[in-house]
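Chemist: Sequence:
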Amino acid sequence: MPFDFYQTVGSPACLAVRMTATHLNISFNLIDLNMEEGDYLKPEFIKINPAHTIPTIIDNGFTLWESRAINRYLVNQYAPGNHLYPDDPKRQAVIDRLLDFDLGTLYPIAGDWMYTPIWKNVPRDAEKEKVLSEKLKLLDQLVGKGPYAAGEQLTIADFSLVTTLQTINAAGHDLDQYSNLKSWLNRLEQELPYYKEFVESHIKALMPWFEQKKMPINFYEDQGSPACLSIKMVVNHLNIPVNLIRISMPAYEHLNPEFVKINPAHTIPTIVDNGFTLWESRAIMRYLVNEYSFGNDLYPNDAKKQAIIDRMLDFDLGSLYPTATEWMYPPVLENKSPNPEKEEALSEKLKLLDYFLSKDVYVAGDNLTIADFSLLSSVITFHAAGHNIDQYANIKSWLNRLEKELSYYNRLVLPHIDILIPWFAPLRK
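As numbered in UniProt numbering, residues 1 to 429 make up the sequence shown, in order.
Among the hints, erroneous ones may be present.
To be verified - Derived DSS-like pairs: lysine-lysine, alpha-carbon spacing no greater than 30 Å straight-line:
| id | residue 1 | residue 2 |
| --- | --- | --- |
| 1 | K396 | K351 |
| 2 | K305 | K145 |
| 3 | K349 | K359 |
| 4 | K304 | K349 |
Hint data in this document are derived by calculation from the structure and do not stem from the laboratory.
Generate the whole structure from the sequences, applying the supplied hints.
Modeler: Below, the structure is given as structure tokens:
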């Protein structure tokens with residue numbers, strides 16, 4: 001006789017039980033509860049489970065809740081001795097240790113990062129995501145010791161942990177940075193015939209829930225600003241929803257009292273993310289990666305890699321771009337003649353950047369980073385101003401590579417150039 005299985009799609013605990021029952025070919029009667037409509041608080045369900053939690057099962061009059069207890073029970077009742085939870089104290093202990101790590105450490109930390117912003121309507125906490133990342137690094141080490149979470153065979157620990165990880169994935173944390181976890185997830189997908197169907201429906205159910213709780217970032221910008229262009233590239237790369245608010249600098253809209261109230265420095269780009277206001281493009285880029293895709297290659301959670309990226313960002317902000325402005329802006333803003341010596345000084349800085357790019361695929365190493373976006377925006381602006389970029393072979397190759405690799409490149413870069421070329425007309429004569 002099939003057991004009654006009270007569940008909801010999108011619950012990692014319910015998914016773990018469903019995977020166990022399916023793996024063992026145990027028949028069950030699926031009863032979906034709508035958590036948002038409060039089905040779990042109805043008297044008829046509380047009578048079944050006073051804790052009013054899911055998953056809950058009723059197996060021939062025997063009622064049980066808590067997913068890990070249910071999974072142990074299903075194996076012991078329907079397939080005693082099965083490798084999912086073998087009849088061996090030491091192997092059981094290893095499985096139990098991972099189940100307890102998931103229940104007592106990993107999932108609570110993930111939940112604090114994932115759910116608190118939704119329930120309390122507050123921004124996500126980057127520090128909490130860092131704590132989560134540390135726990136995932138530990139799990140990455142543990143999984144790296146065998147093909148499965150608890151050793152050489154698939155167990156209920158795999159089901160519990162994979163559902164937690166796929167929930168974290170749906171919430172937007174980048175799992176690709178954990179190589180052993182990535183291999184393990186790929187292995188499960190290949191080996192378990194039900195994996196793809198179950199996991200895809202789980203993620204599909206969660207994504208709108210996570211997404212609808214995200215308020216788009218207010219992004220104050222103006223076309224033709226290299227700093228704003230770099231932010232556009234980050235939000236496009238990470239699929240971060242933004243509400244674009246145009247601030248016309250020629251019309252002095254940045255000096256309007258309502259904008260000065262938002263940003264006393266009255267500069268663009270400026271963002272307001274659920275009450276958190278930030279300006280300075282490089283600070284914004286770091287924040288966006290840390291807040292929305294912590295550990296992403298764009299700004300990885302690695303002190304040395306961050307230092308290399310920061311060095312290139314500082315080179316752009318403190319050396320390259322200021323040198324360029326001395327050549328670019330006086331003819332436009334002060335009606336002065338172009339100064340060849342200023343352009344030569346810019347050329348020397350670009351030769352240095354060209355040298356850096358002779359050593360690496362991207363400006364900060366083997367991976368695309370926010371430093372590429374910052375420097376790309378600067379270099380493209382110099383190009384729009386009339387400086388010949390083709391003379392720098394490595395910079396030219398790098399630009400061509402970015403154009404081919406980034407689907408949004410032409411959509412963002414070409415309008416930037418088109419807007420600036422007429423503006424730089426006094427310089428291009």
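Chemist: The structure should be examined with respect to each hint, and the outcome stated for every one.
Modeler: Hints, verified against the model:
1. K396 with K351: holds (12 Å)
2. K305 with K145: holds (26 Å)
3. K349 with K359: With a Cα-Cα distance of about 16 Å, the restraint between K349 and K359 holds, given a limit of 30 Å.
4. K304 with K349: holds (24 Å)
Checked against the numbered hints given earlier, the structure satisfies every one of them.
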